[in-house]
Amino acid sequence: MYKYIFKRLLSLIPILIGISFISFALIYFTGGDAVAVRYEAIGGVLSPELISQKREELGLNRPFIIQYIDWLLGVLKGDMGISYVSGKPVFIYILSKLPNTLLLSATSLIVTILISLPLGILSAIKSDGIFDHIIKTVSFIGNSLPNFFVALVLSYILALRLKLLPVISQGTGIKSLILPTLTLSLAMSAKYIRQIRALVISELSKPYVIGARARGIKENTIIFFNVLRLTSLTIITLMALSFGSLLGGSAIVENIFMWDGIGKLAIESINLRDYPVILAYVLWMAFIYVFVNLLADISYYFLDPRLRLGGKNEK
Amino acid sequence: MRNKKILIPSILVALLLIFAFFSPYLTPYNVSEQNLMISRQAPSFAHIMGTDIYGRDMFSRVIAASRISIFSALAVVLLMAITGVVIGIFCGYLSGIADTVLMRVSDIFLAFPGLVLAIATAGLFKNGILGAVIALASVGWPRYARLSRGLVLSTKTSTYIYAAKLSGSNTVQIVFTQILPNIIGQIIVTACLDIGTSLMELAALSFLGLGATPPTPEWGSMINESRSLLQLSPWITLSPGIAVFITVSVFNIFGESLRDYYQAK
Amino acid sequence: MKKQMKLLSVAIIGTLLLGACSTPQKSAQSKDESAVSKEDSVKSLVYGTSSYGVGMSDAGLNPHEDYSGWSLVRYGVGETLFKLNDKLELTPWLADSYKFIDDNTLEVKIKDNINFSSGRKLDATAAKECFEDLLAVHDRAPKDMKISEIKADGQTLTFITTEPNPALINFLAEPYSALIDMKTGVDANKNVSGTGPYKATSVSDTEIDLTSRDDYWDGNVAKTNIKVKSVTDGDTLTMGLQSGELDAVYGLPYASYPLFENDNYNINSAATSRAFFLQLNFDNDLFQDKNIRSAIAMAIDKDGFVNVLLGGHGKVANGPFPMQDGDSLNYSFSPDKSKELLGAAGWSDSDNDGYVDKDGKNFEINFLTYPGRSELPVLAQSIQSNLKDIGIKVNINSTENYLEVMKDSKAWDILASAMVTNPTGNKEYFFDMTSLSDSPKNRGHYSNAELDELAKTLSTTFDPDKRDELAKQMSDILVDDCGFIFVSHLQMSLVSKKNIKGLTPMPSDYYEFSKDLVIE
Chain A
1 MYKYIFKRLL SLIPILIGIS FISFALIYFT GGDAVAVRYE AIGGVLSPEL
51 ISQKREELGL NRPFIIQYID WLLGVLKGDM GISYVSGKPV FIYILSKLPN
101 TLLLSATSLI VTILISLPLG ILSAIKSDGI FDHIIKTVSF IGNSLPNFFV
151 ALVLSYILAL RLKLLPVISQ GTGIKSLILP TLTLSLAMSA KYIRQIRALV
201 ISELSKPYVI GARARGIKEN TIIFFNVLRL TSLTIITLMA LSFGSLLGGS
251 AIVENIFMWD GIGKLAIESI NLRDYPVILA YVLWMAFIYV FVNLLADISY
301 YFLDPRLRLG GKNEK
Chain B
1 MRNKKILIPS ILVALLLIFA FFSPYLTPYN VSEQNLMISR QAPSFAHIMG
51 TDIYGRDMFS RVIAASRISI FSALAVVLLM AITGVVIGIF CGYLSGIADT
101 VLMRVSDIFL AFPGLVLAIA TAGLFKNGIL GAVIALASVG WPRYARLSRG
151 LVLSTKTSTY IYAAKLSGSN TVQIVFTQIL PNIIGQIIVT ACLDIGTSLM
201 ELAALSFLGL GATPPTPEWG SMINESRSLL QLSPWITLSP GIAVFITVSV
251 FNIFGESLRD YYQAK
Chain C
1 MKKQMKLLSV AIIGTLLLGA CSTPQKSAQS KDESAVSKED SVKSLVYGTS
51 SYGVGMSDAG LNPHEDYSGW SLVRYGVGET LFKLNDKLEL TPWLADSYKF
101 IDDNTLEVKI KDNINFSSGR KLDATAAKEC FEDLLAVHDR APKDMKISEI
151 KADGQTLTFI TTEPNPALIN FLAEPYSALI DMKTGVDANK NVSGTGPYKA
201 TSVSDTEIDL TSRDDYWDGN VAKTNIKVKS VTDGDTLTMG LQSGELDAVY
251 GLPYASYPLF ENDNYNINSA ATSRAFFLQL NFDNDLFQDK NIRSAIAMAI
301 DKDGFVNVLL GGHGKVANGP FPMQDGDSLN YSFSPDKSKE LLGAAGWSDS
351 DNDGYVDKDG KNFEINFLTY PGRSELPVLA QSIQSNLKDI GIKVNINSTE
401 NYLEVMKDSK AWDILASAMV TNPTGNKEYF FDMTSLSDSP KNRGHYSNAE
451 LDELAKTLST TFDPDKRDEL AKQMSDILVD DCGFIFVSHL QMSLVSKKNI
501 KGLTPMPSDY YEFSKDLVIE
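Chains as they are written, first to last, in the UniProt record's numbering: chain A, 1 to 315; chain B, 1 to 265; chain C, 1 to 520.
Hints are not guaranteed to be accurate.
[Unchecked claim] If you only want the chain C side, here are some residues facing chain B, beta carbon under 10 Å, derived:
hint, residue
1, L309
2, P377
3, N397
4, E400
5, N401
What the hints contain is simulated information worked out from the structure, not anything from laboratory work.
Just so it is clear, CB atoms sit at the ideal spot from N, CA and C, and this is done for glycine as well.
Use the sequences and the hints to build the structure in full.
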């Protein structure tokens with residue numbers, strides 16, 4: 001078992017290096033002159049000499065590969081450079097915003113499961129009934145609405161018209177968490193209800209369920225003890241994968257609700273061309289995603305007897 | 001029965017595409033014609049979606065935007081599907097070092113979560129919407145590479161490929177005459193299901209100001225531009241939002257019925 | 001069983017990792033809250049602003065860093081030796097009087113009754129320490145001030161410059177010159193001790209907590225606690241004020257004002273010197289013809305832009321500076337005259353396609369701007385329509401990467417941008433930056449020998465009236481030449497609940513909170 005985890009960890013190294021290289025290269029080659037852009041953005045003026053002096057200070061005049069290696073070595077030591085804008089060390093800066101984003105992602109995932117699991121199972125059991133059709137329609141609508149649009153409408157209705165929730169995120173309080181969580185989990189639930197429904201339906205037609213039914217075991221028991229356990233595997237994978245879209249989606253939602261997370265920071269940094277922060281953002285997100293997927297794989301390994309006993313580690 | 005189920009969505013999609021293509025000629029008013037005298041008018045018979053702050057007809061704007069919004073979503077899907085499939089077939093068919101290297105590269109791209117890479121790079125291009133398209137496609141291609149590689153591997157060993165090899169066909173011929181036709185169905189299904197998502201992601205990037213920028217008529221940027229009017233002149237914000245919703249719905253229905261069709265087959 | 005244990009341990013590890021990450025956040029949080037402890041008689045106010053934060057380069061209160069001095073002065077914590085009044089003229093503030101001893105020496109007498117919030121008395125030595133730190137660490141100040149030596153004697157502060165620098169006293173009104181106590185210095189949160197009516201009890205990148213001082217030198221300050229909150233999104237500001245989470249705001253989107261134009265709110269406005277203006281690209285031969293330049297100038301419906309598109313929250317500009325005496329109205333809106341001028345330059349619509357043409361080619365130009373200032377894309381679309389009316393086709397490119405685009409001088413013909421033209425009461429600044437032959441922001445390579453000559457004179461003229469006279473001449477030349485077209489000036493508006501009085505904006509956006517702020 002430890003061998004398996006170790007092997008998986010080892011296989012991450014080239015991927016992480018690749019991630020760092022691609023992020024660095026993309027931003028290096030598409031980005032403009034950080035120094036000039038930054039001073040324009042705030043309406044300030046720098047003379048050409050001062051601009052080139054600043055570029056020199058930031059090490060922007062060196063060849064690409066040197067800058068990359070230098071940056072990578074720094075990253076390994078926990079140094080992701082200094083933000084052009086705030087002058088703070090990027091590593092700590094991002095780290096301070098990370099918990100908010102993780103909190104938002106976690107609550108969104110939990111709410112998604114709480115919504116989609118019961119509804120998905122229910123509509124599978126009563127498939128083609130009225131309830132199933134309603135759920136189907138609603139989840140279809142949820143699937144076709146862009147989340148930023150949902151966010152705008154939700155904040156307008158819930159916060160402003162009904163005055164149920166604060167408009168401005170106050171720190172990380174529960175109340176401030178509700179709107180962004182709701183926005184993110186509504187769209188995801190729409191997707192998952194349908195997937196869970198399909199999963200449960202296909203599971204219900206399997207021989208062991210038919211056998212269990214024949215043995216007179218209650219339908220509820222079958223669903224809770226057999227079907228749910230076996231579908232949990234797939235659900236874990238789905239959740240791990242959707243953690244990625246959550247991290248991306250949270251950037252949009254954080255911006256709309258002023259949730260002080262890493263996604264909001266990312267958009268601000270992009271507008272200000274704060275390259276070290278943008279880079280760190282991409283790297284952190286990819287790292288978390290890879291890590292979550294690793295966790296999912298490991299839990300998969302534990303949950304699925306075939307994998308564990310057969311020793312087949314193929315994905 | 002099965003054919004009927006796919007017929008209606010296909011017609012809808014065809015209509016939508018034709019409509020989007022000819023949209024500049026279909027607008028009741030000139031899209032860029034401003035008239036400050038009728039700024040922010042509520043929907044009426046003359047302007048069924050009202051007018052924006054410049055007094056432009058919202059209905060015409062929404063129609064005009066369909067072209068960029070829909071075709072850039074198609075461009076994303078085409079770009080990532082073609083790149084992915086070419087690489088995937090190449091890897092699956094040839095195996096060896098090239099396969100290993102390219103698959104590791106695709107692993108790396110797959111390790112970037114969702115929109116993250118697109119958000120980080122889209123805004124850095126000089127041309128907004130093109131940047132967003134490239135950014136999204138560069139994140140999306142590995143899925144197609146994976147899919148088509150898998151499909152190639154599973155068809156590669158079949159007898160008819162073997163037969164083709166024996167009859168002296170070269171690699172390119174085999175790929176085009178034997179392998180591609182066998183896997184294209186599933187690829188198309190995946191691609192169609194991706195159109196709606198791409199459209200929403202593009203709109204989201206534009207909404208963040210990282211894609212199309214005004215005055216380019218594009219739904220996401222139109223919503224962004226008129227956000228603060230949601231309270232006072234909601235029609236300006238809601239009209240493009242509804243357009244996104246309807247379009248994505250149509251593409252999703254089409255993609256799903258296409259999937260059902262292929263699965264049944 | 002064993003299996004479940006393993007799963008559990010994975011879950012625990014995961015939770016621990018999450019938990020480990022979130023600890024620093026929590027401690028910061030509780031610190032913030034403890035700072036808002038209220039006393040009975042103290043009124044409090046939550047102020048939302050779009051212009052505070054890392055993104056605006058003014059986070060923290062350390063005046064010697066970036067633009068943070070703006071925050072220091074805006075929120076009434078720090079003050080400068082001189083202040084800009086409501087006509088953007090310099091008046092002494094912490095200074096009592098000043099005089100130029102010679103071209104290179106400025107002597108300033110500091111008022112005798114001023115204490116920093118740290119308790120230390122503001123004398124020339126304290127000021128000298130502060131300026132020396134400023135000159136040592138700030139990126140703009142040394143170049144602006146050109147100081148070689150500072151002397152302190154009692155309340156008399158003497159600046160010696162490396163070259164004649166009449167604008168030095170203007171830079172003493174720029175917020176980076178705000179005086180802080182260097183003995184207490186700048187703490188880890190970028191908090192400082194200033195001389196203003198408020199002192200900060202807690203400072204972060206997104207929030208500042210202020211409390212009124214009872215030992216303020218310039219009269220009584222109403223007992224008030226203020227929380228300044230960075231809210232970068234305009235719609236969140238709007239809804240925050242509507243829902244009552246915010247008591248006063250700065251930076252509302254134009255579209256939101258009608259929501260507050262009623263008896264429950266105060267809207268206080270002042271025209272600032274932030275100008276929205278066009279620069280024509282003189283590398284394009286078309287613009288060498290003055291007829292064409294003036295045709296464009298007269299085709300622009302500035303009134304429509306300001307009154308309809310900005311909802312009246314702006315001021316039509318006739319030159320770089322607001323409130324110009326005897327505004328030149330030579331180029332008032334007149335599409336018909338524009339068409340005549342185009343005709344005189346040889347452009348007419350010979351093929352009836354709606355666009356004027358010459359030698360078989362339509363008049364088509366590339367209009368470049370950026371979305372960072374929300375007014376600019378709006379202006380671009382408005383001008384696109386205006387110019388279409390006189391037969392000029394305009395292609396808009398609105399991108400934050402406009403500096404990259406501009407590297408190819410063929411890629412753009414007109415640039416719309418925004419700039420504070422008169423930040424410190426020193427009009428010379430605007431010309432230096434944008435319109436002289438060697439100005440860093442002279443994007444279109446505009447060149448006018450007469451203007452360059454006048455600028456030279458201005459840079460060595462000390463008499464304020466003469467300086468004003470020269471600046472007026474220069475601005476007239478610039479406006480007349482139509483190389484620059486000034487469309488409007490930003491109007492700064494502070495919107496607050498009815499019970500908040502004395503929150504009055506000034507034409508210079510350095511000042512927001514003063515001792516006059518009262519919550520009823």
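Results for each hint:
Below 10 Å, beta-carbon pairs count as interface contacts, and L309 of chain C has one with chain B at about 6 Å; its hint therefore holds. A distance limit of 10 Å between C-beta atoms decides the matter here; for P377 of chain C the minimum to chain B is near 5 Å, and the interface restraint holds. Proximity of N397 of chain C to chain B holds as hinted, the smallest CB-CB distance being about 8 Å (cut-off 10 Å). Using the Cβ-Cβ criterion of 10 Å, the hint placing E400 of chain C at the interface with chain B is satisfied: the shortest such distance is roughly 7 Å.
Taken as an interface hint, N401 of chain C checks out: its beta carbon lies about 5 Å from the nearest beta carbon of chain B, inside 10 Å.
Violated hints: none; the structure is consistent with every hint.
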